[in-house]
Amino acid sequence: MNKKMIIFDFDGTIADSISFIFETANILAEKAGVKKLNTEELNLLRTKSPMEIIKTLKIPLYKIPFLLRDGRRLMHEKMEKIKFVDGMEEVLIELKSRGYRLGILSSNSKENIVKFLKKHRMEIFDFVHSELNLFGKDGALTRIIKENNLNKNEVLYVGDEVRDIESCLKIGLEVVAVTWGFNSRKILQEYHPQHIIDKPEELLMI
Numbered sequence: 002m003n004k005k006m007i008i009f010d011f012d013g014t015i016a017d018s019i020s021f022i023f024e025t026a027n028i029l030a031e032k033a034g035v036k037k038l039n040t041e042e043l044n045l046l047r048t049k050s051p052m053e054i055i056k057t058l059k060i061p062l063y064k065i066p067f068l069l070r071d072g073r074r075l076m077h078e079k080m081e082k083i084k085f086v087d088g089m090e091e092v093l094i095e096l097k098s099r100g101y102r103l104g105i106l107s108s109n110s111k112e113n114i115v116k117f118l119k120k121h122r123m124e125i126f127d128f129v130h131s132e133l134n135l136f137g138k139d140g141a142l143t144r145i146i147k148e149n150n151l152n153k154n155e156v157l158y159v160g161d162e163v164r165d166i167e168s169c170l171k172i173g174l175e176v177v178a179v180t181w182g183f184n185s186r187k188i189l190q191e192y193h194p195q196h197i198i199d200k201p202e203e204l205l206m207i
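Numbering (the numbering used here), first residue to last: 2 to 207.
Treat the hints as calculated values from the structure; they're not laboratory data. Because the structure is a prediction, the values reported are computed rather than measured. Note that beta-carbon positions come from the ideal geometry of N, C-alpha and C, so glycine has one too. Just so you know, not all the hints are guaranteed correct.
[As the list claims (entries may be wrong)] Within a straight-line C-alpha distance of at most 20 Å, the following computed EDC-like cross-link-like pairs (lysine to aspartate or glutamate) qualify:
#  : residue 1 : residue 2
1  : 84        : 202
2  : 97        : 87
3  : 59        : 71
4  : 49        : 191
5  : 116       : 81
6  : 84        : 139
7  : 4         : 139
8  : 32        : 42
9  : 119       : 91
10 : 36        : 71
11 : 200       : 112
12 : 64        : 91
13 : 171       : 155
14 : 56        : 31
15 : 5         : 203
16 : 59        : 90
17 : 79        : 31
18 : 147       : 132
19 : 111       : 155
20 : 97        : 203
21 : 4         : 24
22 : 187       : 53
23 : 119       : 167
24 : 111       : 95
25 : 37        : 53
26 : 56        : 42
27 : 171       : 132
28 : 187       : 24
29 : 4         : 155
30 : 200       : 175
[As the list claims (entries may be wrong)] Label pairs and their computed distance ranges (CB to CB):
#  : residue 1 : residue 2 : range
31 : 42        : 95        : 36 to 42 Å
32 : 99        : 61        : 42 to 48 Å
33 : 180       : 66        : 25 to 31 Å
Generate coordinates for the entire structure from the input sequences, incorporating the hints supplied.
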């Protein structure tokens, strides 16, 4: 892999937190006046983009920032229970040993992520960046690349959602989509990432 830096999404990519996110989403749904979703309905959301989810749930756009804030607070209470995706710890340690700079860019809060990393004694990341924009990370990615004096072709992003793919392709950044997170393999393929992997260890072979 001819890269200097690898940036990871957090929830669903590094952390096995999707079930906790669904649980939190139902709490927020009730607060927003939206009906709670059953398992089948929640799984259906995995086949949709963020905007499609908002339209499906009929959530007013002005409520999104408040729901994100409340979601972060609720997730903070659950961080002690959340574990790494199976095999991801070993992959991260191996990547670090190979000399890659590692970072996290997530819509979760920096406080939550740092709490998780400290708990698991995995403080091996060069930075943790929190991004509140639900609809794209392209601006944040561009800033991170510039701040680290890198070119886009020296950076790889790893994420589990279609918005990760869209953001990377928008700025010409190579992206790896993982199938063990939020969005399903089927919808990830429709957005044409450069790579799709089914297990963390496959990242070592790119």
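How the hints compare with the structure:
| no. | hint | result |
| --- | --- | --- |
| 1 | 84 - 202 | holds (17 Å) |
| 2 | 97 - 87 | holds (18 Å) |
| 3 | 59 - 71 | holds (18 Å) |
| 4 | 49 - 191 | holds (11 Å) |
| 5 | 116 - 81 | holds (8 Å) |
| 6 | 84 - 139 | violated (28 Å) |
| 7 | 4 - 139 | holds (19 Å) |
| 8 | 32 - 42 | holds (18 Å) |
| 9 | 119 - 91 | holds (16 Å) |
| 10 | 36 - 71 | holds (17 Å) |
| 11 | 200 - 112 | violated (27 Å) |
| 12 | 64 - 91 | violated (39 Å) |
| 13 | 171 - 155 | holds (16 Å) |
| 14 | 56 - 31 | holds (16 Å) |
| 15 | 5 - 203 | holds (18 Å) |
| 16 | 59 - 90 | violated (38 Å) |
| 17 | 79 - 31 | holds (19 Å) |
| 18 | 147 - 132 | holds (16 Å) |
| 19 | 111 - 155 | violated (24 Å) |
| 20 | 97 - 203 | holds (16 Å) |
| 21 | 4 - 24 | violated (36 Å) |
| 22 | 187 - 53 | holds (16 Å) |
| 23 | 119 - 167 | violated (31 Å) |
| 24 | 111 - 95 | violated (24 Å) |
| 25 | 37 - 53 | holds (17 Å) |
| 26 | 56 - 42 | holds (14 Å) |
| 27 | 171 - 132 | holds (17 Å) |
| 28 | 187 - 24 | violated (24 Å) |
| 29 | 4 - 155 | holds (4 Å) |
| 30 | 200 - 175 | holds (18 Å) |
| 31 | 42 - 95: 36 to 42 Å | holds (38 Å) |
| 32 | 99 - 61: 42 to 48 Å | holds (46 Å) |
| 33 | 180 - 66: 25 to 31 Å | holds (29 Å) |
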